[in-house]
Amino acid sequence: MTFSVHGLAVSRGIAIGRAVLVASSRADVAHYFVEADKTDEEIARVRAARNAVFDEITRVQQDLPKDAPHELAALLDVHLMLLQDEQLISGVKHWITERHYNAEWALTTQYEVIARQFDDMEDEYLRERKADLEQVVERILRHMKGMASPVQPVEQAGAGRKASQQDLLLDDTTDVPLVLIAHDISPADMMQFKQSLFAGFATDVGGRTSHTAIVARSMDIPAVVGARSASQLIQQDDWVIIDGDAGVLIVDPSPIILAEYGFKQRQGELERQRLNRLRNTPAITLDGARVELLANIEMPDDTAGAVRAGAVGVGLFRSEFLFMGRSGKLPDEEEQYHAYRQAIEGMQGLPVTIRTVDIGADKPLDRHASKTQETHLNPALGLRAIRWSLADPPMFLTQLRAILRAAVHGPVNLLVPMLAHGTEIRQTMALIDRARALLDNKGIAYGPVKLGAMIEIPAAALTLKLFLRYFDFLSIGTNDLIQYTLAIDRADESVSHLYNPCHPAVLRLIADTIAECNAQGKGVSVCGEMAGDVTMTRLLLGLGLRSFSMHPSQILTVKQQILRADASKLAPWAAEVLASEDPAALLQQH
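Residue numbering for the sequence shown follows my numbering, starting at 136 and increasing by one per position.
Check each hint, because a few of them may be wrong.
Label pairs and their in silico Cβ distance ranges [said to hold, decoys possible]:
1. Ala650 with His473: 33 to 43 Å
2. Asp355 with Leu633: 30 to 40 Å
3. Ala720 with Leu573: 53 to 63 Å
4. Arg363 with Ile224: 29 to 39 Å
Listed next, the in silico DSBU-like pairs over lysine-lysine satisfying Cα-Cα at most 35 Å (straight line) [said to hold, decoys possible]:
5. Lys399 with Lys228
6. Lys657 with Lys600
7. Lys228 with Lys280
8. Lys173 with Lys265
9. Lys399 with Lys704
10. Lys585 with Lys657
11. Lys585 with Lys464
12. Lys704 with Lys600
13. Lys173 with Lys280
14. Lys464 with Lys399
15. Lys464 with Lys577
16. Lys704 with Lys577
17. Lys228 with Lys173
18. Lys464 with Lys280
19. Lys600 with Lys585
20. Lys464 with Lys265
21. Lys265 with Lys280
22. Lys228 with Lys265
23. Lys704 with Lys585
Bear in mind the hints are in silico, worked out from the structure with no lab data behind them. Since the structure is predicted, the reported quantities are computational estimates derived from the model, not experimental observations. Just so you know, even glycine gets a beta-carbon here, dropped at the ideal spot from N, CA and C.
Put together the whole structure using the sequences plus the hints.
Structure representation (structure tokens):
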């Protein structure tokens with residue numbers, strides 16, 4: 136019987152194949168008490184399994200091929216650091232020595248303790264790092280049980296099997312594609328996944344910024360995450376269609392549905408080939424308006440993908456990724472300088488916009504362990520982003536010096552997040568001047584930078600003239616602007632359906648920001664998810680936006696929309712959308 140399972144669409148495309156299931160290792164963990172004289176043995180068992188996993192991941196990291204996605208190497212580093220996390224190690228020892236839990240029970244208990252801390256984090260990216268911790272624990276448990284990696288090259292399904300109607304529709308009776316269905320997939324397993332026969336995958340857990348989603352996009356593999364009970368509903372060898380565009384799994388499809396999706400799959404491949412031809416085509420509308428298509432990146436190596444996608448620069452380098460997963464040891468000036476320089480040189484003379492660290496109360500660092508007893512009732516409204524930077528001038532000056540020094544190697548824009556007050560603006564400017572003075576005193580060379588501010592708080596959008604007196608350009612962070620304007624916690628599933636980019640108030644703030652910048656001859660871009668949403672491209676063009684910054688994988692589809700658009704004709708329609716009580720309805724009609 137045909138049925139569907141819904142999840143999150145995180146990597147485009149259609150995959151059709153037989154299901155290969157991977158079960159969770161934590162589902163059948165034994166729970167028993169050990170004698171006092173056996174506790175050392177239990178600790179030794181955990182240590183041996185942990186060391187084996189460490190060696191395994193290290194080997195995978197060393198054997199990464201040159202064409203492996205850089206995201207994999209970074210995520211493998213995160214797993215290696217989690218394996219050495221003192222909270223995990225000491226917690227497991229505590230449960231064994233104090234409570235006399237067996238090794239597996241102690242490990243899963245400590246996982247639950249740490250996992251609750253991740254659940255309390257406001258930041259979506261950090262909250263989803265719980266999945267990395269879970270995978271580390273899974274791998275340790277597998278070694279303790281003597282189990283192999285969950286993702287291994289498998290024999291081709293279908294070989295020697297009588298062809299069914301589905302096989303005939305696929306026109307392939309001996310080389311049937313396989314799709315992986317799992318609770319989750321670790322970065323190390325993803326590397327093996329790439330070398331295996333799987334055409335796509337789906338996981339029970341994960342979000343749009345989970346590592347599985349990140350790697351899937353970088354590898355251009357159809358994927359659906361957060362499909363909840365997919366691994367329980369789907370049986371081994373079921374026919375499964377993974378619709379990475381709609382975020383849907385279709386299980387045991389009828390011949391008609393299978394034929395329809397086979398056609399969609401072929402059409403998708405043809406569309407990708409056509410899009411690739413646009414890589415070197417300038418983004419110019421039918422009426423001659425030139426549009427900048429920039430890339431959002433997290434790490435210096437991301438520039439390679441940005442250049443391949445035809446980006447004309449980096450509109451957002453999220454520098455906080457350099458600060459994460461380091462067990463509390465922040466990057467010093469030299470490390471940051473080399474990272475920023477690598478990104479700048481990787482863009483081959485194209486501009487790079489570096490956002491100062493966006494981290495705070497909702498993203499606790501180990502070096503603030505003494506403050507862990509503090510309670511943050513609403514971290515999204517707490518000490519984060521520029522507020523956090525201004526509260527720690529030495530840390531902020533270190534980053535500013537590194538960015539200024541890196542600017543010697545190419546054009547750099549410095550972007551400041553979450554500003555709302557004139558006092559914050561003036562304090563930030565004073566610290567930038569202080570950073571320059573410190574470099575002058577030491578005789579260290581530095582380059583010029585354009586200064587920009589993120590518009591992601593309604594208060595900032597309503598005081599644009601103040602901002603434009605100080606800054607060369609503005610960048611609209613639509614993700615947070617929507618959240619703060621509508622008082623919607625994006626991480627709260629009970630209200631996430633109210634998160635609406637097309638709300639009239641949100642569109643008004645965006646439109647006014649674009650109009651004011653254009654009137655004053657200042658640069659303005661959108662760097663939130665809205666920039667890469669092709670359903671919003673024509674509206675943003677009609678509002679006068681000429682600079683979009685997005686994930687590199689979205690650039691060509693947005694460029695296609697721009698090449699087909701007449702910006703002059705879109706302006707009157709955009710005004711109608713702004714004046715409408717239901718903008719989304721007008722967007723669907725156009």
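### Task
Tell me, in ascending order, the numbers of any earlier hints that this structure violates.
5, 14, 16
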